[in-house]
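Enquirer: For reference, the chains in residue letters:
Protein chains: 2
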Amino acid sequence: MKVLVIGANGQVGRNIVKELSASEHEAVAMVRKEEQVDHLKELGAQKVVLADLEKDFSEAFSDVDAVIFAAGSGASTGPDKTLTIDLWGSAKAAQYAEENGVKRFVQLSSMGTNDPDAGGEEMKPYLVAKRAADEILKSTSLDYTIVRPGALSDEDKTENIEVSTSGFTSMEGRSIPRADVASVLVNVLDRPNTYHKTFEVLQGGNSTASELDSL
Amino acid sequence: MKVLVIGANGQVGRNIVKELSASEHEAVAMVRKEEQVDHLKELGAQKVVLADLEKDFSEAFSDVDAVIFAAGSGASTGPDKTLTIDLWGSAKAAQYAEENGVKRFVQLSSMGTNDPDAGGEEMKPYLVAKRAADEILKSTSLDYTIVRPGALSDEDKTENIEVSTSGFTSMEGRSIPRADVASVLVNVLDRPNTYHKTFEVLQGGNSTASELDSL
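Chains as they are written, first to last, in UniProt numbering: chain A, 1 to 215; chain B, 1 to 215.
These are computed hints drawn from the structure, not numbers from a lab. Any given hint might turn out to be false.
Identical copies carry no separate label here, and so any pair may be met within one copy or between two of them.
30 angstroms max Cα-Cα, derived BS3-like pairs, lysine-lysine [what the hints assert, rightly or not]:
hint : residue 1 : residue 2
1    : Lys47     : Lys18
2    : Lys33     : Lys103
3    : Lys55     : Lys157
4    : Lys138    : Lys41
5    : Lys33     : Lys197
6    : Lys55     : Lys197
7    : Lys2      : Lys157
8    : Lys157    : Lys41
9    : Lys55     : Lys138
Being a predicted model, the structure only gives us computed values, none of them experimental.
All chains should be modelled from the sequences, with the hints used to inform the complete structure.
Expert: Take a look at the structure:
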C-alpha cells in the first residue's frame, strides 16, 4: 500500500516512515517545510508532499491507499493550535480520505482520551481535542483504527507490547517506545481484524504480531 | 416538556428561560453558581439546578424531556476553556441525554462552523470546537436540531427570521437578536420536521413559525 503519513516529521512520524520503508508498503510523507524533504527521503520515504494542515491539503490524498494520521501541534504551542491541528487537521484528513475513496485510516490518539475529565487541568484540553478527533473519525464511513499509546519514550523498539480495548486502569509508571508505537501503526494497516477498533497500547510481554492478532 | 437549559445564565440562555416560561414548556435552568439561582427563578425557571459543566453534571438529566445546550465559555477565557466547556460540555451533555433516555436535544451552534478555515486565525479555534461538538451530536442516536445563528445583537425580538440549511453565502452585515435566537431554539422543540437538521439563521423577512415550518 502507498501510505500517506501525516505529521511525518514528528517524533513518531519519522519512526513510521522508517517502519514503512522496511515493510512491503511505501511511505508518502507529508511535511510542512521544504527543508524537511531531504531528511524524510533519507529515512526511506518514497515520496514527500509539501502541505499545511491548517490549509487545504486535499491534494496529498490523490494517489494513496491508506492514511496514518500522526500529526500533533506539540507542547510548545497553545490549545488554539491543538484545536486547529490535532483536532481539525484530523477531521479534515478523514473528510479528504472519504472524498478520495481512501478507505483505510489509522489514527494516532492517546491514552486518557476515554475520560478527559480525569486528565487534570493541564492535560484535559488536549485530551478533549484528541477524543473529539476520534469521535469524528468513528462517525465516518472509513475503515479506521484508533491507537492510544501511554507515555512515550525514546527507547529502542522492543516489539513487545500489551493492548487493551477496554482501557488500562492505570499506566502504573509504564510507557511505550515511539518506535513500538510506529510499529503498531504500520502493522495494523493490513489487519482487517483491527478495522473499527480503538485500543490502548503499552510496552508489555507479548509480541506485537500476537497482540494485534488478538484484537 | 420539561426542558433543561444548559448555560441558562448566559445572554442567550436567559432569553431561553424567559421564552420557555411564556410557552407551554417548563424551564429547568442549569447554572454554576448559587447566586445565579434567584435571578433565573425571577426570569421564570420552574426549577434551577446547580452543576458544573467541567465536572459530572449527569444528575441534571434525571427528570427532563428535552435539552437546550446554550453554554459557552465566552470571549474572556482562552481556547482551553473553549475545549473543556463549548466542546466537551456539549459532548458530555449529549452522552448524559442518551444515557437518561432524553431524546430531544437542541444545540446552539454558530454560523461559520461549516468552514472553520474561512474564519480567520482568531475565530478558527472557536469554530473548530463548535463544529466538533456538532459532529459529535450528529453521531448520537438523539433527535437533535443544530441552530447556527449569525452575529448576535441585543435588539428586541422581531419574530422575523430567515433560515438556510445550505448556509448563507455571507452575513452581509446582517445579524439576529439574541431574543430571536432564543425563540428559534424554543420553537423547534416540538417540531419534528426539524429533527436531524442543521440550519443557519439570521434576522429576515418571514415569521419564525413559517420559516421553521419550511425546514
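Enquirer: First find the shortest C-alpha distance between lysine 55 and lysine 197 inside one copy, then the shortest across copies, and answer within, between, both or neither for a cut-off of 30 angstroms.
Expert: both (29 angstroms within a copy, 28 angstroms between copies)
Enquirer: When Cα atoms must be at most 30 angstroms apart, do lysine 55 and lysine 138 count as within-copy, between-copy, both, or neither?
Expert: both (23 angstroms within a copy, 25 angstroms between copies)
Enquirer: Tell me, please, which holds for lysine 47 and lysine 18 at an alpha-carbon limit of 30 angstroms: within, between, both or neither?
Expert: Close inside one copy (13 angstroms), not across copies (60 angstroms); limit 30 angstroms.
Enquirer: Regarding lysine 2 and lysine 157, is the shortest C-alpha distance of 30 angstroms or less found within a copy, between copies, in both, or in neither?
Expert: within (23 angstroms within a copy, 57 angstroms between copies)
Enquirer: 30 angstroms Cα cut-off: does lysine 138 pair with lysine 41 within a copy, between copies, both or neither?
Expert: Neither: 32 angstroms inside a copy, 41 angstroms across copies.
Enquirer: Measure nothing new, just compare the shortest in-copy and cross-copy C-alpha distances for lysine 157 and lysine 41 to 30 angstroms and report within, between, both or neither.
Expert: Result: close within a single copy only, 21 angstroms intra versus 62 angstroms inter.
Enquirer: Tell me, please, which holds for lysine 33 and lysine 103 at an alpha-carbon limit of 30 angstroms: within, between, both or neither?
Expert: within (27 angstroms within a copy, 48 angstroms between copies)
Enquirer: Have a look at lysine 33 and lysine 197 and pick one of within, between, both or neither, based on CA distance no larger than 30 angstroms.
Expert: neither (33 angstroms within a copy, 41 angstroms between copies)
Enquirer: One pair to classify: lysine 55 and lysine 157, alpha carbons no more than 30 angstroms apart. Within, between, both, or neither?
Expert: neither (34 angstroms within a copy, 39 angstroms between copies)
Consistency note: the structure conflicts with the earlier hints numbered 3, 4 and 5.
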